[in-house]
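**Student:** Sequence order for the protein chains is A and B.
Residue 171 in this note's numbering sits at position 171 of the first sequence; the count goes up by one each step and never skips.
Residue 78 in this note's numbering sits at position 78 of the second sequence; the count goes up by one each step and never skips.
Just so you know, not all the hints are guaranteed correct.
[As the list claims (entries may be wrong)] Quick list of in silico lysine to aspartate or glutamate cross-link-like pairs, DMTMM-like style, CA-CA up to 25 Å:
| hint | chain 1 | residue 1 | chain 2 | residue 2 |
| --- | --- | --- | --- | --- |
| 1 | A | K425 | B | E48 |
| 2 | A | K417 | B | D55 |
| 3 | A | K127 | B | E48 |
| 4 | A | K417 | B | E5 |
| 5 | A | K459 | A | E517 |
| 6 | B | K417 | A | D59 |
| 7 | A | K271 | A | E230 |
| 8 | B | K58 | B | D15 |
| 9 | A | K417 | B | D51 |
| 10 | B | K11 | A | D2 |
| 11 | A | K417 | B | D2 |
| 12 | B | K417 | A | D51 |
For the record, the hints were derived by calculation from the structure and aren't laboratory data.
Quantities reported herein were computed from a predicted structural model and do not represent experimental measurements.
There are 2 protein chains.
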Amino acid sequence: MDATEFRRRGKEMVDLIADYLENIEQRTVYPDVEPGYLRSLIPEEAPEEPDTYEDVVKDIERVIMPGVTHWHSPYFYAYFPTANSFPAMLADMLSGAIGCIGFSWAASPACTELETVMMDWLGKMLKLPEDFIAGTHGQGGGVIQGTASEATLVALLAARCRAVRMILASDPQRPETGITSKLVAYSSDQAHCSVERAGMIAGVRMKKIPTEQSDKYAVQGETLRRMIQEDKAAGLIPFYFCATLGTTPSCAFDHITELGHVSGPALYVSKIWMHIDAAYAGSSFICPEFRPLLNGIEFADSFNFNAHKWLLVNFDCSTMWVKKRSDLIGAFKMDPLYLKHDHQDVHSVCSTNPNPLIPLCLILSPTLPHPTAPSTSPYRTLSPPVPHTTSQHWQIPLGRRFRSLKMWFVFRMYGLKGLQDYIRKHVELAKEFESLVRADQRFEISADVVLGLVCFRLKGSNEVNETLLKRINNGRKIHLVPCLLSGQFVLRFALCARTTESRHIREAWQLITQLAEEVMQELPH
Amino acid sequence: MDATEFRRRGKEMVDLIADYLENIEQRTVYPDVEPGYLRSLIPEEAPEEPDTYEDVVKDIERVIMPGVTHWHSPYFYAYFPTANSFPAMLADMLSGAIGCIGFSWAASPACTELETVMMDWLGKMLKLPEDFIAGTHGQGGGVIQGTASEATLVALLAARCRAVRMILASDPQRPETGITSKLVAYSSDQAHCSVERAGMIAGVRMKKIPTEQSDKYAVQGETLRRMIQEDKAAGLIPFYFCATLGTTPSCAFDHITELGHVSGPALYVSKIWMHIDAAYAGSSFICPEFRPLLNGIEFADSFNFNAHKWLLVNFDCSTMWVKKRSDLIGAFKMDPLYLKHDHQDVHSVCSTNPNPLIPLCLILSPTLPHPTAPSTSPYRTLSPPVPHTTSQHWQIPLGRRFRSLKMWFVFRMYGLKGLQDYIRKHVELAKEFESLVRADQRFEISADVVLGLVCFRLKGSNEVNETLLKRINNGRKIHLVPCLLSGQFVLRFALCARTTESRHIREAWQLITQLAEEVMQELPH
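Extracted from the complex, chain A is given alone in its bound form:
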C-alpha cells in the first residue's frame, strides 16, 4: 500500500470509524460468543501472498465485531470509563505517522518537550502544589506512564531505593539483604490488585490495611499508625504507603491529610513514601467542587491518575507526578563510571535532557567502557542522584509513543471548561441514577455516590443479586460488573461512554427493574 492508496483507504477508515461510533447504540454491548470463537473464523497461518484490502475490511464485521465488548456504547456501565474522543483520535493518527520512539530528548525533542509542558498544563488544571510542576527550574514534574499499575510500581521501586539508601547512609555496615527483607509497604484492602502485584514484582512485603463500611471504606490514620508501630516493634521497616482516591469497588476516598500526618513525619528510620493512586477519580479534580478530595496532596511523594479513563484522552495516558525527580531517577540509575562515560561519549548525539522525567535510553551504552566486574548492588554503587544528566530512566519500558499530542489536541479542542462540563455531566447522570434507585423501595444504595459510580443492590440475599446481574448481562442490552462490599454482592453502575444521556440511564433502570421483578418472582426470599 502506497501513500496514494492510503489517502483513499484512510478516508474510508475515517468514515468507518464515524459510522461505528454514530451507530454504536444499535450493537449488542456485550458480545454473545464462546471462548475460542475467533480461531475457526480465520486461516491457521498468515497468507503467502497479500490479501486484498476489501477482504480485510469485510472481516472487521465478520471476525472482529461479533467479539467486541463495546466500551463506548451508552449502554456500557462496566468497570470504569476509558476515554474516546475525536480530537484524541486525530492526534493519535498523527503520532502514528511521526512514529518516533521518544526514549531520549535527541530521539525526538518535540516528543520529550511537549510531554513536560502538557504535564505542567494538567498539573495546573488540578491545582497541584508548585512542587509537582517542572516549569523551567522545578525539582518535580510529570511524566506519562502507560497505566496506573506501572506508576504504582515505579513509585514503589523508587521508595525501595530511597529507603535502602537512607538506611545504608546511617549504617553502612548493615547487609543489604537484611534491609530489603525487612521492608514493608501498605495499601488499603480496597486498593486495586495491581498494588499487591507491585509488591510481588519488587519482592517486598505489601500489607493490606483493613477498612470498614462505617468509615466509608477509607483507611483510618489510627489503623495505619498502629500497623506501623507494630511492624516497627517487630523489627520491620515501613517504607511505602499507597493511598487510593476513588477505589475500584466503590469509589471510596482515603483521607490523605490524616494519613499524611502518619506517614510523613520522620519518626522512622526511613521516611515513608506516600503514593496516591487516583486512577479513576483524578480527572474530576479539574472541577473546583471536587478538588477538595485531593486536599493533602502536599504530603505525597508521587501522584497518579489515568487521563485515559475520564479525561477524553484515549488510552494509554496515565499521568504521574513526583515531588522530587531525583528520587525516581536514582532508582533506575546505573554504575557511575559507566554513566560518566555515557555522558561524555554520547553527548554530541543525545545532548542534554531538558526533562529528567523522560527516560533517556542510551541504547549504545553497553559498549562503553565499564569494569567487567559486575556491580552486584543497585544501591551501593550509586552516587547521589544528579538531575539533568543523560541517563534518567524511570519507567519500565524504554520506548514510548508521542502520547502528549493527544493531551494537546484534547485540552485545546475542549478547553478547561469543556472538560469540566464533561465530568459534571457524568456526575449528574450518576446522581440521576442514584435517585431512581432510592425511589424504589426494593433497592438500596451501597456506598456514597461521589462521582460517576453508583453501587446498588436489591435488598436481600447475595444470591438474588447475583442472579439479577447474570440476567442483566445475559440480556446483553446493558453491561455491568459486580463488586463485594463487606461481604455483600453489589452491582456497580459506572458512567462510561462519552455519549451517555439521561434517556439511556432511564432505559437501563427500566430494564433493571423489569429483570429484578422477574428474579424476585422466581427466587424464594
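Take the given structure of chain A and dock chain B to it, following the hints.
**Tutor:** Just chain B, lined up with the frame of chain A:
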C-alpha cells in the same frame, strides 16, 4: 467535535499524514533546536475556552515539526528501525475507535483471541518449535508486550519465582530471603541496558559476561560455564541467562545452541531460565536464509523480538513467546484463597480465559473475601500454577490496546513474501553500503555485516571518528549514532526507513566521504 466534523478533520489528517510521509525527504532529518525550545512557543496553561481546530493544525508545523527527529526519513540511519506502514496505521485507527481495554477475555473477547492467533501466525512464520505455539491445546504461546525491556523483565520475574519455588520444594525450611539474596542472573556485556535494569527492578544480581572481538562479540559457552561454576562454588544460585541475537552495538549473535547446553542441564539446584532477546534481528528470521541464526531456540524458556522494529507493525508490538505458560502465570499469581473466590465470584462476568497468556485483571478482586492478614511471601502462599483459570496476569501493565489488529492488517496486506522482500531489501542495501566502505582504503568495517547494520570507522584515532560523526550530525542531512567496540569509537549505519533506496545510500556515502576528507585535512594524524 462531533462525528460529522471528525469525518472532515479525519480526512484532512489522512492527507496531512500522506503529505508528511511522501515529502519527508525534504525535511531536515535531525532537528536544529536547543533543549527547552518548545516551552516558549505555546501558552503556559491550557485554554479555558476551546481553540479552533485550524489553530491546532497550524501549530503542527509551527511547534511540533521543528523539533521532530524524522525516524522515517530515508536519511535516518540512527539506532535501529521502528516500523511505519500504512496498513498498520489503518489498523491503529480502528483500534483507537474500538478503544477497548483488553485486560480480560470478557473485556473484549476479540482483542484477546486475535492476539493469541496472530502470535501463532507469527510463531509459524518464524518456524518456532511447536512448544511455543498456543494452538488449541499447547502449553506455550505468545503475547504482545509493549517493549523488549518489559519482556526481559517479565521473563526475569518468572525465572525468579520458579527458582525460589524449586529450592523451597527441596528445602522447605530454607529462609526465602536467603534464597533471593543468592540468586544470580547473567547477560552479555553487549546486552541492551534494559537487561541490567531488569535486574535492578527485580532486586537480583545481574552479572555481565565479557565478550571479545575475536569471538565476534558472542558469549562463549566456556565463559558462561566457568562463571556459573565459580558462582556456585561461592554459594550463589545461577537462575537466569539472557542471550542476545543481534546486539544493539554491532548486531552480534550469541550461539544459543552452545549456551543452551550450558544453561539447560539440571546440573544446578535450580534450572537456569534462558531468555532470548532478539529485539531487532528477530524479524529477519521469517526468511529461510536467516532462520539458522535462531537455531537453538529449543533450549530457551522464552523468546522475544520487536515486531515494531523491522516487521512493519507500528510501535508498540513487542512479541514474546514462552514454552510453558504456567511458569509465567505463576510468577504473578496471588493468594490461592483469594484466587479461588475470584474465579468463583466473577465467573459469570469473566467466563473462561481461552488464552492464559493474556492478563485477566479482576479489577474487582480486592473486594472479594480474603484474610485480612496479609500474605508476606509471593512464593510460599502459591499453589502450583493452574492454566486456564481466570487470574493469569503476566505483564507489567494491566490495561492494553487492541494491538493485534496491526499485526493482522500488516500480515494480510503484505503477505509473508512481501515481508520477506522488505527484510531482504534492507539487508541488500546494508551490503551495498558495506561494499562502498570496503572500497575506500581510508575506512574499515568494524563488525560482520549480517543484517541491516553496518559498523564502520575511519582508520585512525577515536578523535577523528568522533569529529567525523559530529560533523555528519551537525550537517543534519543524515543522522547516525555511534557505539564503542573494544574501545574503538565506531559509526553505526542502520537501515531504518521503509522507503530507503540505493540512491539514498550512495548519497549518504558521498556526504560521509566528503566530510571525512575535510576532517582528515583539519586534524593532525
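**Student:** A separate judgement is required for each hint: does it hold in the structure or not?
**Tutor:** Outcome of the hint check:
no., hint, in the structure
1, A:K425 - B:E48, "holds (18 Å)"
2, A:K417 - B:D55, "holds (18 Å)"
3, A:K127 - B:E48, "holds (14 Å)"
4, A:K417 - B:E5, "holds (20 Å)"
5, A:K459 - A:E517, "holds (13 Å)"
6, B:K417 - A:D59, "holds (22 Å)"
7, A:K271 - A:E230, "holds (16 Å)"
8, B:K58 - B:D15, "holds (14 Å)"
9, A:K417 - B:D51, "holds (12 Å)"
10, B:K11 - A:D2, "holds (17 Å)"
11, A:K417 - B:D2, "holds (17 Å)"
12, B:K417 - A:D51, "holds (12 Å)"
Hint compliance for this structure: every hint is met.
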